[in-house]
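From just these sequences and the hints, can you work out the full model?
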Amino acid sequence: AQSVTQLDSHVSVSEGTPVLLRCNYSSSYSPSLFWYVQHPNKGLQLLLKYTSAATLVKGINGFEAEFKKSETSFHLTKPSAHMSDAAEYFCVVSDQRGYNKLIFGAGTRLAVHP
Amino acid sequence: GAVVSQHPSRVICKSGTSVKIECRSLDFQATTMFWYRQFPKKSLMLMATSNEGSKATYEQGVEKDKFLINHASLTLSTLTVTSAHPEDSSFYICSASHGGFLRSNQPQHFGDGTRLSIL
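Residue numbers (this note's numbering), protein chains in the order written: chain A, 1 to 114; chain B, 1001 to 1119.
Because the hints were derived from the structure by calculation, they are not lab data. Among the hints, erroneous ones may be present.
From the derived model, a few chain A residues whose C-beta atoms are all more than 10 Å from chain B [stated by the list, open to error]:
| no. | residue |
| --- | --- |
| 1 | Leu7 |
| 2 | Val11 |
| 3 | Leu20 |
| 4 | Arg22 |
| 5 | Leu44 |
| 6 | Lys58 |
| 7 | Asn61 |
| 8 | Ser80 |
| 9 | Ser84 |
| 10 | Leu102 |
| 11 | Gly105 |
| 12 | Gly107 |
| 13 | His113 |
| 14 | Pro114 |
Here are the simulated lysine-lysine pairs, BS3-like style, with alpha carbons at most 30 Å apart [claimed, not checked]:
| no. | chain 1 | residue 1 | chain 2 | residue 2 |
| --- | --- | --- | --- | --- |
| 15 | A | Lys68 | B | Lys1064 |
| 16 | A | Lys58 | A | Lys101 |
| 17 | B | Lys1064 | A | Lys101 |
| 18 | A | Lys58 | B | Lys1042 |
Glycine residues also receive a C-beta, built at the ideal position from the N, C-alpha and C atoms.
Right under this line is the structure:
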């Protein structure tokens, strides 16, 4: 079975400082992994995806994530937080056995302070 | 990028009425569409997977007769909440994917969600 664990339910940073949102996965297969962002009362926007190509994945808005198989991790980072980054972030793994069913982590709420 | 439109964005209605939510892929053909439910401050819960031209596959615990899903074309799927009650109040989100079976590397593109409130 596949699963995703987001290690922090809330992360708070100051504007201009680095962001680290942690995610560990469990998968019997070579996984496809995604990070999505959700702003209040909105749907989800894809930040980036890993699909067994380069282990360092660059996404939109300056975010990137590194796939580490030995650590079963896929942490999301950004060098410098912006106020507009405040949102809910979901780490997601894809079930490769069927129709692209997504398995969501519990989410991490990122707060950015001036 | 791929755009998914969900309508309406907000619905408030009386208990016992049926509510239809539409999900459209505007610039691509969505072989597969998904319906999620999200409770306040919680993650997304997959309700069903919808493939064009065939019956939807519901997740365990989701009532098929309560949540009717139709995927009549490659650009439109609808979710109808039948005889809605206050406990059905929630945020419903659809997504669409280019991929079909075993194409798990195709990302899902999400609509903006529908806030359903049953009085």
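Non-conforming hints, listed in increasing numerical order: 5, 10, 11, 12, 15
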